[in-house]
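Build the complex: two chains, separate frames, hints provided.
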Amino acid sequence: MSSPLVLLPGDEVPSEYLPASSSAPLRLGAGLRLLSQPHPTTTSSSSTQAPSHVLTATQAGILSTDTKRNALSILSFPHRRYIPTANDLVIAQIHHSSPDYFHCMITPQAPHAVLGQLSFEGATKKTRPMLKQGDLVYARVLSIGLGAGAEVELACVNPATGRAEPGGLGPLNGGMVFDISTGMASRLMRASSSTGEQQDGVAGLVVLDELGKKLEKAGGFEIAIGRNGKVWVDCSNSGDVAVKATVAIGRCLTTIDEHDLNPADQKKLVSRVLRELKIEV
Amino acid sequence: MNKEAPLSIAERDFILNALREDVRLDGRAADQLRPLKVSFGEEYGHVKVQLGRTSLVIRVSAEVTKPHEDRPFDGLFTIAMELTAMGSPAWDNGRQGDLETYVTNVLDRVIRHSNALDTESLCIVKGVSCWSIRADVHVTDYDGNLIDGACIGIMAGLQHFRRPDAVVKDGQVIVYGLDQRVPVALNITHKPLAVTFHTFDEGKRVILDATRKEEQAAEADVVFGLNNAGDVCFMSKFSGSPVDAMVFVNKTSVALDKVKEINAIIDKALQADLAMRAKKGMAEESRAENDR
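Chains as they are written, first to last, in UniProt numbering: chain Z, 1 to 281; chain F, 1 to 292.
Isolated chain F (complex conformation) (with noise of 0.2 angstroms):
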């Protein structure tokens, strides 16, 4: 029952108007981000995302299970996402929407098929068991962009995550409690991103990183999903109105110079985490009331 709230044809017009003008409600340029924030949590793997009005909580977690019979070197990696009431009055429990199955979806081709992180170095035990890692994506406000924001928070989340150290000995798995061993970090091959344009106007306006308004008023969306490298590892224009071959050109080199700036971004807040943990673990190790 419960649906998006369609958008007036006043704020429809306005925003296409204001477009032609090169004006955007919130006073960005067409191809600029809003202010994105990247924070971690206490655990490993736990990320918060906050892109302008856009705010996600990303958690990655590890478990030993047996890996499919088809691939026996492989571990497996999964992407959940659930758009609960939580993000949105729009959004029901329980019951899968558009936007959950298309976003998603990319999701998936974006960071998953792209083998971002290398699925044969969770095998423990050929064919017998191996690493699962699951990222599990919360939506706690929403503005639009879901897609970007979840792909970065995915990403970070994957980077930050250490997973405990696992031993086979005589044929027997052992896994080691985080403060038995140091935590091993996982095997991240690239670093994709997904990015969003949206077009109006018959294709003449395309802009970055859209608000809700504004992707409902929007023709049709863009996304690309590239590494630092420039390698194009996904792109598409599933739905809406045509959109010129030279966008795609065009928009590749944009999109790619967000890419970076994000992954900066992400790095940064890596680092400075890193950092603070380090000082943090020196602090807990020097206590006098520890166990030895």
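Okay, chain Z solo, but in the shape it has when bound (with noise of 0.2 angstroms):
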């Protein structure tokens, strides 16, 4: 199970990789699709464990588990094409508004995806958040609706909780936006997610975490990142160093991303960078 497992689009996830626990159910992330499910009538009369589920990937790259969050992904090489899928964190840009909806830009030559006027925390029709064009909102993008033409929808809100869940959802006021590969994007994700031992092995991404020791005395730095490519960054608690520490933070990941650099390299990287902007540490 520890050496890596590369799949091809129309490959089947060989059933011993899938999470051995039942009882939450599975979740599946980008480059994966459900094939089949056992029909309940059949599992009743297989008396053995039959494989579940039939899971086959639509894109290539390295399969992922997370037996914590019983999720299963696929890591795929860094392209900028982004394929919406349900439960990413997206960072998306207001194109403009209708009564009930926001209608933003995910990926800019895509067709537009909404996001609800009230699907915020705490949103009423009073309170409601006044976004203009070029705003910007991190949000969960809610469903990908099915068949041709199907709007994908977004929601800064978990509708069962009424909250901003998890933390940060919403609009984002001030700071920049990078770009990066969504293969790049999701490997932030999980480094930023998982533990701080696992971290190393898990995606190789020391970047984060060496930025945040070295600029937590100029101020720290907020960090938004969406899977569509797309990475906020915001200094404003810097002071006057905020621009510059904003521009090195952005250099040090779209640098990393098109050098695909190791982690030593990487804290080499951020030193030269923040040397280079003349940022004291």
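These are computed hints drawn from the structure, not numbers from a lab. A virtual CB, placed ideally from N, CA and C, is assigned to each residue, including glycine. Be careful, since some hints might not be right.
Claimed, not checked - Covered by chain F, according to a simulated footprint, are these stretches of chain Z (three or more residues, beta-carbon under 8 angstroms): (1) 105-117; (2) 164-177; (3) 245-252; (4) 268-278.
So this is what it looks like as structure tokens:
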């Protein structure tokens, strides 16, 4: 199980790679699709443990399993095309608004996604955010619709609880957006969600930790990673080095993305970029 | 239907604020080019230009045609540029956008109208036949500053290109193949290049070689076309907000430095390519299985 499994589009996921625990539902991430489910009638007749699900890959990449969350996803090669998948966190840009919805761009040349005017934390008709064209929101993909012409729906709130879950969903004010590949975006998400000791092995990204340590004294930074290949960075707490710190973070991320640096080189790059921009650490 | 992705308000404000502190997103100085790489393909006149993340392929080709009626002594020279979906998802195949019209127009005026290529030397028989030189510009990736990139590519292509030798014998035009006679280099009169600046913050900040995001956030652009000797053959400020006259005066000298720098890079690449070809040519000729 420890050696990475490379799948090509159409390949079935071997059942031994599926997380063992069956109590929680299995979550499918980007690049995977459920091909068939066991019928209730057939499962009762078969006494042995038949493969319960047939999963196939829709993208080429390395299969990654998260036993804690009971989730499966494909780590694809670095490309810039984003295909919306339910439950992804994305950074969307408001294009225009209509009485009920904000129409947002997730990727510039794709059809617009809709975001309900009231799907923000604590939003009512009176308190809803007044977003205008060009504003950014950090949102979750609620549904991707079925069939041709289906609209992708976004939400900045968990409809079940009425809270912005995970925290930070909602309008993004100030800061700067940098473009990275979708693969890099998902690696960054994994690196930031996993615990410290397994981080190096999971995604090979230490850049955020390193930047966090170095910029702590200057005031730290806020970051939002969109699976659609966008990273929003804000350092407005850093006072007079705010702009430089933001540029430094952006440069580190895009360079690592382009050159696929290993952890040691990432640390070197962070020190070099901070030195070039003359940020005291 | 396809359009260039508009910048978000955050990006626009940030780029401007950063420039006020003299910081650019990629850490360059205001008057600094992105890393430029010029390389040549197998055939004469096949150039690849990589300017940061903007990349272009330029092909120069030649054919024999009839000259225009009113200019019997002149050959033809055309620059063909088409922005296809290959370069950016914002461009449509077969539909001409504003950017394409603008870039084609500037390229025409910088290179063609400044007579960089001596068209009279392309004449074979007066009023009957002449060479038609065509430079095709293909954009394979787009991250701003198409004009400078295309100019670099076309000039490098013209200098690299060798046309087949043609001879007039008893009123008959004989064109020799590239392997029959040594092909002829084109007659380049001077080497003009375009240098584009973008202005921000009511003309107070001026930067060279903008990326796509910087271009979109800019107020206006100023294009200079000049050659190594400092002759300005083109200068434009088509649209956007007003630019102070002193910007033109000051930036012309910066542009001259850049033109010299870029021309040096092109020359170096040309020399390296010629040296490599000479070496390979010798090896080809000395091979035993050649026809004799």
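A quick look at each hint next to the structure:
1. 105-117: Satisfied; 3 residues make the cut.
2. 164-177: With 6 residues in contact (Cβ-Cβ under 8 angstroms with chain F), the coverage given for the stretch 164-177 of chain Z holds.
3. 245-252: holds (count 4)
4. 268-278: Contact hint for the stretch 268-278 of chain Z vs chain F: holds, 3 residues under 8 angstroms.
No hint from the list above goes unmet by this structure.
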